[in-house]
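**Q** Chains as they are written, first to last, in UniProt numbering: chain G, 1 to 321; chain D, 1 to 388.
The set of hints was computed from the structure by calculation and includes no laboratory data.
The structure displayed is predicted, hence computed values, not measured ones.
C-beta atoms are modelled at their ideal positions from N, C-alpha and C, and glycine is treated no differently.
Please note: incorrect hints may appear among the correct ones.
If you want the ones that stay clear, here's a sample from chain G, every Cβ over 12 angstroms from chain D, calculated [what the hints assert, rightly or not]:
hint, residue
1, D50
2, G64
3, M71
4, G84
5, A135
6, M300
Incomplete in silico selection of chain G near chain D, CB under 10 angstroms [unchecked claim]:
hint, residue
7, S33
8, T55
9, L57
10, F85
11, D91
12, V94
13, D163
14, P164
Each computed DMTMM-like pair below joins lysine to aspartate or glutamate, with the alpha-carbon atoms no more than 25 angstroms apart [what the hints assert, rightly or not]:
hint, chain 1, residue 1, chain 2, residue 2
15, D, K225, G, D50
16, D, K374, G, E218
17, D, K374, G, D50
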Amino acid sequence: MQATIVQAVNDALHGEMERDDRVVVFGEDVAESGGVFRATDDLLEEFGSDRVVDTPLSEIAIVGGATGMAMYGYRPVAEIQFSGFLPPAFDQLVTNASRIRWRTRGELTAPMVVRTPYGAGVRALEHHSESLEGAYAHIPGLKVVVPSTPADTKGLLTASIRDPDPVLFMEPKRIYRSVREEIPEGDHEVPLGEAAVRREGADVTVVGWGAMMPPTLEAVDDSDVDAEVIDLRTISPMDTETVAESVKKTGRCVVVHEGPRTLGVGSELVARINDEALMYLEAPIERVAGFDTQVPLLSMEDFYLPHPPRIRDGIERALSD
Amino acid sequence: MSDRASDRRVPSAVGNGDGEVAVLSQADLAVPTHQIVEPDGSYDPEVVPDLSEEELCDLYRWMVTDRVFSRRMVNIQRRGELGTFGSTRGQEASIIGSAFTLEPQDWLYVGRAWTPMFMRGASMDDMIRFWRGIEEGQQAFAKQNSQIAISIGSHVPLVAGLAWGMQLDDADAVATAYIGDGATSTGAAHEGINLAGALSLPALFFCQNNQYAISMPVDEQTGAKTLAQKALAYGIDAIRVDGQDVLAVYDAVQTARERVKNGTPVFVESVTYRLDAHTTSDDPTRYREDEEVRAWEENDPIERYRSFLKSEGLWSQIDHDAIVEDIEAEFDAALAAANEMAERQVAEIFAHVYEELPPELSRQQEAFEALLEKRPEMYDHIEQRPKG
C-alpha cells in the first residue's frame, strides 16, 4: 500500500496492537482526536479506551508512567506531542527508563517506545522545532531511532515496539506527508542499529538521517559527484561499521544534520571515523549542521535548515583537498 | 516569621484521640463559584465592585477589543498571512476582568490572553509579529513586564521566581501566571505553585479553566472536583469564579491581588469556555459536540455584561459600532505596519543567543554569510515568510 510517514506510523501501531494486546498507546490528544498529526487515528475505535488513552498534559508522567507500565510487563507506546516538550521528561529518561535494566541487573526492564515528532520547517511556534537527538543519544541504555522513509518508519517502529529496551522514536514531521511510497503489507520489521545505503558511490560518503535525507539526496542527485549516501536510521546504537566501510572506499565524508553543530551527532561520527578509518581519509570530514543557536522562529527557520546548496557546498569542500 | 509560617511548623503528628480513621474527601469541601451578574443579567447592586463609570465602560471596550482581535487574527491566518493562532473568543470576561486589576509594575506571564498586553501598552503590530514568528514581538512585551509562554506550564516556576524577587525587593507588585486547566497537570506547575506556597511569595496563579486542553475535557484532565481545590494542597488560598462574568472576575482577582501583596499566594480558577479551536491547526469537531458549543455561545460574556450596562444606564454612553470600527482600524494599521517590516538579516539568528558572540558562533555566522554570497541559489530554498 502507498503511504506517507505518518500513515506508516499509524499502520505500524495498528499492526503491533493487533499482534500484542500488551501494547498500549497513550499521550496528549492521541485517542479522541487521533493525535495532532493524526498518527494515532482510528486506534481508539479499533482497540478501545483501555488501550488508547488520552493523558493529562504531563510529559513527566507520560514518560515516567510508560516506564512503570513497561516494568510491569506492558509495551507502552507513548506520544510526546512535539519533541520540544520532551525536556521536562529528560529526567525520567535519564534517571529511570534508561537505567532500570542496569539498576536491577536485568530483573526489571523498560521495553517502551516514546514517539515524538521532531525538527523544524513546519512553521510552528517556539518549542516545536528542536532536533536534539544528540542529547538523547548521550543517554546510555536508551535507543534513539529516526526514520526517513515510510517503509522504514513502519519497520523501525515495529522493531522499536518489540525491542526489549526503551526506544526514543523521533519522527521527521517536516516530511510526515511529503514522502509517499509503497510500504510492506502486514508484518514488517527493520532491525535497529543498521544504517541503510541509499545511493552507492565512490567519491564521497554523505551521512544523514530523518528529515535531512530528502535534501541530501536532492543535493547528490543534482550534482555530478558520485556520492554514496548513508541513512543512519538509528542514532543510538550507531552503525559505525557501515559508515566506516563506506569511508574506507571513498576516502571522504560529509555528515548532514539539523541539530546544533557543537557536540551534535556529527561530532561523534567524525570521532568514530577517526577511530576506524583515519588512514583512509583523503580530506577532513565536513559537517553540514544546524547552528549553535536556538531554532529561529517561523519567519527565519529556512536560514537555519541545511538545504541542498549547503549540502552541496559541504560535499565540494570534502572533495576540494 | 509570619503567623502563617509559624502555623505550619506546629508538629503534625498530634491526633485528636477519638480512634476513628478520618478520610478527607474533596466532596466534603464546599467550593463556591463567585458570581455577580447572573446569566439572565440579574444582579445585586450592593455587590457590584466599586468601579467608576469610565472604568465600567472600559471593561466593555477591552472585551470587544479581545473579540475583534481574535476574529481578525483567525481571518488573516485563513488567508495565509499568519502562522498558527490561538483564539480567545469566549474568554473575554475572564481575560479582561483579571487583567484589569493589574498594575504596570506587576508581572503578567500569560498562556492564552493577548489583550492584557495591549492594556499595558503593547501594540497590535507587535502581537501580529509575535504570531508571525518574529522575535521582536516578545521583545516588545518584555518591556512591559509581560511574556507569553508557549510551552504549557513552563512559566509557572518563573513566575514564582519573579515573585521571589519582588518579595526580596519589598516591591509593591505581584507576579501573575495565567495558565489553563491543562497546565495544572504539568510538573512545572506543581513545583512552581508549591514553591510560592512554601515561601509565601507574592504570586497570583490565574487559571482559565476553558474546559479543554486541546481535546481533553477538564474532568478527564484531573480527578480533582475543581481546580481551585488543588491550591489547598500547596498551602495557598483559592477562589473559584464564574469566568463569563467580567465583574465577578474583576472582583475575585482584585481580592486575590490584595492577599497576594500581603504575602499570601492565591490560585484563582476562572470557569470559562474556549469557543474556537485550540489553535487554527486544531479541529474541535473531533472531540466536542456542536450543542455544547452553542450552549456556551448563549452564555456569552459580552452579552451578559451588555445587559448589566443597560441596567446601570451606561449603555447609552457606549457606541458599540464605533468601538468595533476603531478596533478594526487599529488592526488594519497594525497589519500594515507589520507588513512593512524590513527584510531580516541572517545575523539576527546569532545575535541574541549569548550576550557576547562566542568565537565558534562567529565562525558559523561568517561561514554562512559567505556561503549565501557564494551560492545565491540558497535563496531558492529560503522563504523569510514575513507574513508567517
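**Q** None of the hints should be skipped; say for each whether it holds.
**A** Taking the hints in turn, this is what the structure says about them:
1. At roughly 14 angstroms from the closest C-beta of chain D, the C-beta of D50 (chain G) stays outside 12 angstroms, upholding its exclusion from the interface.
2. A cut-off of 12 angstroms between C-beta atoms contradicts the statement that G64 (chain G) is not in contact with chain D; the least separation is 9 angstroms.
3. Annotated as non-interface, M71 (chain G) keeps its C-beta farther than 12 angstroms from every C-beta of chain D; the closest such distance is 20 angstroms.
4. Its closest Cβ contact with chain D, about 7 angstroms, brings G84 (chain G) to no more than 12 angstroms, contrary to its assignment away from the interface.
5. For A135 (chain G), the shortest C-beta to C-beta distance to chain D comes to about 16 angstroms, beyond the 12 angstroms cut-off, and the non-interface label holds.
6. Not every beta carbon of chain D lies more than 12 angstroms from that of M300 (chain G), the smallest distance being close to 6 angstroms; the non-interface claim is violated.
7. Taken as an interface hint, S33 (chain G) checks out: its beta carbon lies about 4 angstroms from the nearest beta carbon of chain D, inside 10 angstroms.
8. With its C-beta approaching chain D no nearer than about 8 angstroms, T55 (chain G) sits inside the 10 angstroms limit, and its interface hint holds.
9. Interface restraint check: L57 (chain G) against chain D, minimum CB-CB distance 4 angstroms, threshold 10 angstroms, status holds.
10. Of the supplied interface hints, the one on F85 (chain G) holds, with its beta-carbon coming within about 6 angstroms of a beta-carbon of chain D, less than 10 angstroms.
11. With a cut of 10 angstroms, the hint placing D91 (chain G) at the interface with chain D holds, because the nearest CB-to-CB distance is about 9 angstroms.
12. Residue-level restraint check for V94 (chain G) is violated (minimum Cβ-Cβ distance to chain D is 15 angstroms; threshold 10 angstroms).
13. Nearest Cβ of chain D to the Cβ of D163 (chain G): about 27 angstroms, over the 10 angstroms cut. The hint is violated.
14. A cut of 10 angstroms between beta carbons decides the hint on P164 (chain G): the least distance to chain D is about 28 angstroms, and the hint is violated.
15. About 23 angstroms separates the Cα atoms of K225 (chain D) and D50 (chain G), which keeps this hinted pair within 25 angstroms; it holds.
16. With a CA separation close to 19 angstroms, the supplied pair K374 (chain D) and E218 (chain G) stays within the 25 angstroms bound.
17. At roughly 58 angstroms between alpha-carbon atoms, K374 (chain D) and D50 (chain G) are farther apart than 25 angstroms, so this suggested pair is violated.
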